[in-house]
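Let chain A serve as the given structure and place chain B on it in line with the hints.
Chains as they are written, first to last, in our numbering: chain A, 1 to 395; chain B, 1 to 395.
You may find that some hints are simply not true.
Pairs of lysine-lysine, DSS-like flavour, derived with a Cα cap of 30 Å [as the list claims (entries may be wrong)]:
hint: 1; chain 1: A; residue 1: Lys132; chain 2: B; residue 2: Lys48
hint: 2; chain 1: B; residue 1: Lys28; chain 2: A; residue 2: Lys28
hint: 3; chain 1: B; residue 1: Lys132; chain 2: A; residue 2: Lys48
hint: 4; chain 1: A; residue 1: Lys102; chain 2: B; residue 2: Lys102
hint: 5; chain 1: A; residue 1: Lys231; chain 2: B; residue 2: Lys231
hint: 6; chain 1: B; residue 1: Lys125; chain 2: B; residue 2: Lys102
hint: 7; chain 1: A; residue 1: Lys125; chain 2: B; residue 2: Lys231
hint: 8; chain 1: A; residue 1: Lys125; chain 2: B; residue 2: Lys132
hint: 9; chain 1: A; residue 1: Lys125; chain 2: B; residue 2: Lys125
hint: 10; chain 1: A; residue 1: Lys6; chain 2: A; residue 2: Lys28
hint: 11; chain 1: A; residue 1: Lys6; chain 2: B; residue 2: Lys48
hint: 12; chain 1: A; residue 1: Lys28; chain 2: B; residue 2: Lys125
hint: 13; chain 1: B; residue 1: Lys125; chain 2: A; residue 2: Lys102
hint: 14; chain 1: A; residue 1: Lys231; chain 2: B; residue 2: Lys125
hint: 15; chain 1: B; residue 1: Lys48; chain 2: A; residue 2: Lys102
hint: 16; chain 1: A; residue 1: Lys48; chain 2: B; residue 2: Lys28
hint: 17; chain 1: A; residue 1: Lys125; chain 2: B; residue 2: Lys102
hint: 18; chain 1: B; residue 1: Lys231; chain 2: A; residue 2: Lys102
hint: 19; chain 1: A; residue 1: Lys102; chain 2: A; residue 2: Lys132
hint: 20; chain 1: B; residue 1: Lys28; chain 2: B; residue 2: Lys6
hint: 21; chain 1: A; residue 1: Lys132; chain 2: B; residue 2: Lys102
hint: 22; chain 1: A; residue 1: Lys231; chain 2: B; residue 2: Lys28
hint: 23; chain 1: B; residue 1: Lys125; chain 2: B; residue 2: Lys231
hint: 24; chain 1: A; residue 1: Lys48; chain 2: A; residue 2: Lys28
hint: 25; chain 1: A; residue 1: Lys125; chain 2: A; residue 2: Lys48
hint: 26; chain 1: B; residue 1: Lys6; chain 2: B; residue 2: Lys48
hint: 27; chain 1: B; residue 1: Lys132; chain 2: A; residue 2: Lys132
hint: 28; chain 1: B; residue 1: Lys48; chain 2: B; residue 2: Lys28
hint: 29; chain 1: B; residue 1: Lys132; chain 2: A; residue 2: Lys231
hint: 30; chain 1: B; residue 1: Lys132; chain 2: B; residue 2: Lys48
If you're looking for bench data, these hints aren't it; they were derived computationally from the structure.
Protein chains: 2
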Amino acid sequence: MTLPRKDLFDIPEGMIYLDGNSLGPLPKGVAAAVQDAVVAQWGGQLIKGWNSCGWMAQPAVVGDRVGHLIGASAGSVVMGDTLSIKVFQALAAGLAMRPDRKVILSDNGNFPSDLYMAEGLIDLKGQGYRLKVVDPEAVADAIDDSVAVVMLTEVDYRTGRKHDMQAITQAAHGAGAVMVWDLAHSAGALEVDLTAANCEFAVGCTYKYLNGGPGAPAFIYVRPDLADVVKPALAGWLGHAAPFAFDQTYTPGAGIERMRVGTPPVLQMAALEQALNVWDVTTMRDVRAASVALCDLFIQEVETRCPALTLISPRNGAQRGSQVSFAYDNGYPAMQALIARGVIGDFRALNVMRFGFTPLFIDAADVVQAATILQDILDNRLWDDPVYLTRSRVT
Amino acid sequence: MTLPRKDLFDIPEGMIYLDGNSLGPLPKGVAAAVQDAVVAQWGGQLIKGWNSCGWMAQPAVVGDRVGHLIGASAGSVVMGDTLSIKVFQALAAGLAMRPDRKVILSDNGNFPSDLYMAEGLIDLKGQGYRLKVVDPEAVADAIDDSVAVVMLTEVDYRTGRKHDMQAITQAAHGAGAVMVWDLAHSAGALEVDLTAANCEFAVGCTYKYLNGGPGAPAFIYVRPDLADVVKPALAGWLGHAAPFAFDQTYTPGAGIERMRVGTPPVLQMAALEQALNVWDVTTMRDVRAASVALCDLFIQEVETRCPALTLISPRNGAQRGSQVSFAYDNGYPAMQALIARGVIGDFRALNVMRFGFTPLFIDAADVVQAATILQDILDNRLWDDPVYLTRSRVT
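Same shape as in the complex, but just chain A:
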């Protein structure tokens, strides 16, 4: 299929949206699907909707659709909660698998929330557990037989640097450690093959490249041979073997179902389920090839036009996710000026201008235009307007 498919999205006229890596745009059909979930399903079926509308099964049904995009076999992915919660679940289950080891190993390119959740878990467990954080390049060498769990995000949220999933998973297994991959910046952006990688756990979110909407549910993958073995630390009733038996004690459900916790967010799930239809008309292989080409073009255009910016993403597309980042000391106000001109990227402290490229709705002409506008802002110091310095930094 030829990309882009701008016709599949509702994006405001004139906007060049280079922030699908933070929040994907609204796919067509989602508004109608959510309206149906509210009016016909909730309004019309009320409590019966748990069966008649398939709400109860949705986390597994949608999980399979996400799983299909990341090389997971059917029945190995389930949706729910937020990515931070899913990280906690994977880490807790991983630690329980290696009771004689005390170290969670991660890197300083990981998304901070993953490190925070590890801190919280370690604090609960006490007894000498600790989090060891090294440079991304030093991970492989740091895996030794003290390490219970290696937890990494495949694609660095700031730089776009991409880990070698298979190689690091092999190294982890070689030292007897459990491997947890965070696919926040991978799912929907590039080809992931969890089955080939052979990691024990993977987690991710769906509001970025999977376009599930603000606050879309997260997912967790458990390797099929472990799904009936792992111990859920967040032992919620919908992960129970028989939730509606209302037993007094917890018995984990069959397979991946045990990683469910509480009542699923039905309206968010409806949005996500519809958004995933985008993947019926394209392949991850095509998206990835187009993404590398767009990122290469943006690097070339920006380096030619804006010499003040320093590339901090890998130059080699194979070592990069679907984003390009530049360091620039005036990056914050420059990004605000760019946003005001309709080119939406984002800023990550301390000095990173970050641009995501989603070939579903971005093409080469958009890339050249974005670089041209950026050049104009820099050449004319348009970012120097105080309005851009004082704007909130929440995005």
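Same frame as chain A, but now just chain B:
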């Protein structure tokens, strides 16, 4: 104000909905609010919506509105996740406050997920921690100086039996224990005064009597004097003091904000926020008074018409939540037959027929009609149709 206010809800014609204690019906205005969140906010603002549409502040803003309904001061309630996750957060924080004590005390009238979450937490902590579960009537006597945390649901999900929040909280404090209340069947159903109760933590859901929709976010309350002191075990980035500084280590946010974890479910939050407008036109005092009267009437009607059913809810309205439950060995198929006739209650294993009364949209005529239909089903053994026996039990 005169109740009911059926005009505030979209309920299918002819349905008598006695299951607002499981999933509240669709309030008018919610469909439009959700559509606005999808189309104008997500579609139109994309990533900018986190600021421009107030998404980032929503958990605290909506939390204050819920807090107002349960006697919590501004800034002491925040929304997010599911009730099971909020239970975990409260328990973990409570245990951390009493490091020399090892017991979580609860009762067998608690919702099972609360007990399961306690089991999971205890398993993580190891070191002699344990969950002690007693009969509801035995709780007060079981509170001794081994108890770190007393965790109870105010209103029993099966029987509607209501604990005395103030008395039990005082007993807990008298023994040096921390008190956690689950308000799942209280918030929106009856008057709760958390400030007067003086408990350390409270949690609850919003898809029952607060009509937030299927999968609506949960809430957690932390007593104001503790909000800057408690230790978040689920240390997610949105509970960090400066989430967008992307520090490598966790520093809890100010006050109740530290109980946030991951990205909030913006679409669900929009539905809930609109649903809460119902409370602008009524008071919890009026709702409670009407609810007790409706429940009394239903008990009288059913006991007169259906002698095969045994009341298992307290007969005294002051000791009961907003529901009435009867034990009946054929309760499951009888409830299915009732649902087929348009009277929606639900069934809870092993033999409980459960009816919730929400005076916002239920009146005395509905109560009498529901009892009349129930009588017809029992008198004519309509529940004996095999279709009712084989139907799924998920509701």
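Taking the hints in turn, this is what the structure says about them:
| no. | hint | verdict |
| --- | --- | --- |
| 1 | A/Lys132 with B/Lys48 | violated, 35 Å |
| 2 | B/Lys28 with A/Lys28 | holds, 25 Å |
| 3 | B/Lys132 with A/Lys48 | violated, 35 Å |
| 4 | A/Lys102 with B/Lys102 | holds, 23 Å |
| 5 | A/Lys231 with B/Lys231 | holds, 24 Å |
| 6 | B/Lys125 with B/Lys102 | holds, 10 Å |
| 7 | A/Lys125 with B/Lys231 | holds, 14 Å |
| 8 | A/Lys125 with B/Lys132 | holds, 20 Å |
| 9 | A/Lys125 with B/Lys125 | holds, 5 Å |
| 10 | A/Lys6 with A/Lys28 | holds, 10 Å |
| 11 | A/Lys6 with B/Lys48 | holds, 20 Å |
| 12 | A/Lys28 with B/Lys125 | violated, 47 Å |
| 13 | B/Lys125 with A/Lys102 | holds, 14 Å |
| 14 | A/Lys231 with B/Lys125 | holds, 14 Å |
| 15 | B/Lys48 with A/Lys102 | violated, 41 Å |
| 16 | A/Lys48 with B/Lys28 | holds, 19 Å |
| 17 | A/Lys125 with B/Lys102 | holds, 14 Å |
| 18 | B/Lys231 with A/Lys102 | holds, 22 Å |
| 19 | A/Lys102 with A/Lys132 | holds, 10 Å |
| 20 | B/Lys28 with B/Lys6 | holds, 10 Å |
| 21 | A/Lys132 with B/Lys102 | holds, 29 Å |
| 22 | A/Lys231 with B/Lys28 | violated, 43 Å |
| 23 | B/Lys125 with B/Lys231 | holds, 15 Å |
| 24 | A/Lys48 with A/Lys28 | holds, 28 Å |
| 25 | A/Lys125 with A/Lys48 | violated, 41 Å |
| 26 | B/Lys6 with B/Lys48 | violated, 37 Å |
| 27 | B/Lys132 with A/Lys132 | violated, 36 Å |
| 28 | B/Lys48 with B/Lys28 | holds, 28 Å |
| 29 | B/Lys132 with A/Lys231 | holds, 21 Å |
| 30 | B/Lys132 with B/Lys48 | violated, 48 Å |
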